Amino acid sequence: MKLTVNGKTRNVKAHPMKRLLDVLREDCGLTGTKEGCGEGECGACTVLIDGVAVDACIVPVAHAEGCRVITIEGATATRTGKALQNAFVVHGGAQCGICTPGMILAATPLKTGASLAEIKVALAGNLCRCTGYPAIFRSVESALKTPRRKSSRARHL
Amino acid sequence: MPAIFEKMSLVRPRSLTAALSLLTSDPTLTPIAGCTDVYVGLHFGTMPHKRFIDLWRLKELHGISVDRDVLRIGATTTYAEIIASKLVQKRVPMLAAAAGEVGGAQIQNRGTLGGNVANASPAGDTLPVLAAAGARVVLRSHAGTRTVPFDAFYTGYRTSVRKPEELITAIEIPRIDGRQWWRKVGTRRAQAISKIMMAAVRGKDVRIAIGSVAPTVVLAKQAAAVLSRGGAIAEARAALLAEIAPIDDIRSTGAYRAAVAGNLLEEFWTVTK
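Protein chains in written order, with this note's numbering: chain A, 1227 to 1383; chain B, 17 to 289.
Treat the hints with care, as some may be off.
As the list claims (entries may be wrong) - Some chain A residues well away from chain B (every beta-carbon gap over 12 Å; in silico): (1) Gly1233; (2) Leu1247; (3) Gly1323.
Unchecked claim - Examples of chain A residues lying across from chain B (beta carbon under 10 Å, computed): (4) His1241; (5) Lys1244; (6) Cys1268; (7) Gly1269; (8) Cys1271; (9) Thr1272; (10) Glu1299; (11) Ala1332; (12) Pro1335; (13) Gly1339; (14) Leu1342; (15) Ala1343; (16) Glu1367.
Claimed, not checked - Quick list of in silico lysine-lysine cross-link-like pairs, DSS-like style, CA-CA up to 27 Å: (17) Lys1337/A x Lys1371/A; (18) Lys220/B x Lys179/B; (19) Lys1228/A x Lys66/B; (20) Lys1244/A x Lys289/B; (21) Lys1346/A x Lys1371/A; (22) Lys1337/A x Lys102/B; (23) Lys75/B x Lys106/B; (24) Lys1228/A x Lys75/B; (25) Lys1308/A x Lys1337/A; (26) Lys1346/A x Lys106/B; (27) Lys1346/A x Lys102/B; (28) Lys1244/A x Lys102/B; (29) Lys1244/A x Lys75/B; (30) Lys1239/A x Lys66/B; (31) Lys1228/A x Lys23/B; (32) Lys102/B x Lys1239/A; (33) Lys289/B x Lys1337/A.
Rather than coming from a laboratory, the hints here were simulated on the basis of the structure.
Predicted, not measured: the structure shown is a model, and the values here were computed from it.
Each residue gets a CB set at the ideal place from its N, CA and C atoms; glycine is no exception.
Using the sequences provided together with the hints, build the complete structure.
As structure tokens, then:
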């Protein structure tokens, strides 16, 4: 089965019903994707398939065949991913860290300038067991802030 | 997850015709699509089936359209697609609202309407909506197509009139006259499985459907009849209680569900005045 993981084509020999989560961790050696609940409740294993957030613990690898998969290892290659990573560091968005890869990937499809309400909807499927939600929301909000235009005065300096 | 793949198999037909042929020759195959229920069963070892047929990428089962004033939603259309659909928002806003309360984004991106109907859980969030909407289930086998009214689809706890060689190909929803209303009550606002939910339509006729209060979704015809003829809300509440049979389980108690069912009825009637 061929799939593209973080831009790299992988030829995976696995049972088609093997969980995408296990293929990523065991067959691809990408252990940044974490298993939390294993039943699609907590979002810790969130990855993107063709840009869409899914729980990798409830997706058969067959459904990723021919698709572009992005994990936390590849998320920071995008501008949004990089901004999210930096913001989580600056604003203390990570406590124990288990939910962080999933939080960052769930936030990645959001548009620049997303409101707090939109951020909460996007992250509704991600649980933080340290209950650090305010810091997580602050991190995402800050990462997605509309880039401030340089003021005209600054341009003339 | 316990990896017992030796006995597990997945066939992946390229077309609906191929899928129906495979099912005719082997009706013991279990159809799967978004897999949001499948892997919960596999994870906990409660999934009795091991041999699956994959419908996820079959184009014939996917998409939302309107034909002769009937909204048609393909079986493998996801909750996310339902939420984003202008057609659904305009014609069946209560369905868009219910889809928006199924799990989080990751579940909405994978879970399908056909899967919710086929899985036949009493707690299926879209089922009261489809019952209140007077929807129809389109079933297709190699032998042909038939359409079943939604309130005749389920025969008991997790059982339906669908034959093993049949696939749910689409859900049809006729035009709905009247105000639509939806409310889900769970442990918390996001990502919780329902304790109880109600969908209702207030038009010339009143239609009320409730989930998680009986082995299958309940279309509360008596309570609706009371309200349709201008009866008192107390009388409608009493009629409703006689139509449901809520039980104690891991998510709630029968007494709580009975009380909330009456409260929801009252809220529906007040809010849609």
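So, going through the hints one by one against the coordinates:
| no. | hint | in the structure |
| --- | --- | --- |
| 1 | Gly1233 | 21 Å, holds |
| 2 | Leu1247 | 9 Å, violated |
| 3 | Gly1323 | 19 Å, holds |
| 4 | His1241 | 4 Å, holds |
| 5 | Lys1244 | 7 Å, holds |
| 6 | Cys1268 | 9 Å, holds |
| 7 | Gly1269 | 6 Å, holds |
| 8 | Cys1271 | 9 Å, holds |
| 9 | Thr1272 | 6 Å, holds |
| 10 | Glu1299 | 19 Å, violated |
| 11 | Ala1332 | 6 Å, holds |
| 12 | Pro1335 | 8 Å, holds |
| 13 | Gly1339 | 18 Å, violated |
| 14 | Leu1342 | 14 Å, violated |
| 15 | Ala1343 | 12 Å, violated |
| 16 | Glu1367 | 17 Å, violated |
| 17 | Lys1337/A x Lys1371/A | 9 Å, holds |
| 18 | Lys220/B x Lys179/B | 36 Å, violated |
| 19 | Lys1228/A x Lys66/B | 24 Å, holds |
| 20 | Lys1244/A x Lys289/B | 52 Å, violated |
| 21 | Lys1346/A x Lys1371/A | 15 Å, holds |
| 22 | Lys1337/A x Lys102/B | 20 Å, holds |
| 23 | Lys75/B x Lys106/B | 24 Å, holds |
| 24 | Lys1228/A x Lys75/B | 21 Å, holds |
| 25 | Lys1308/A x Lys1337/A | 14 Å, holds |
| 26 | Lys1346/A x Lys106/B | 25 Å, holds |
| 27 | Lys1346/A x Lys102/B | 23 Å, holds |
| 28 | Lys1244/A x Lys102/B | 36 Å, violated |
| 29 | Lys1244/A x Lys75/B | 24 Å, holds |
| 30 | Lys1239/A x Lys66/B | 20 Å, holds |
| 31 | Lys1228/A x Lys23/B | 23 Å, holds |
| 32 | Lys102/B x Lys1239/A | 41 Å, violated |
| 33 | Lys289/B x Lys1337/A | 38 Å, violated |
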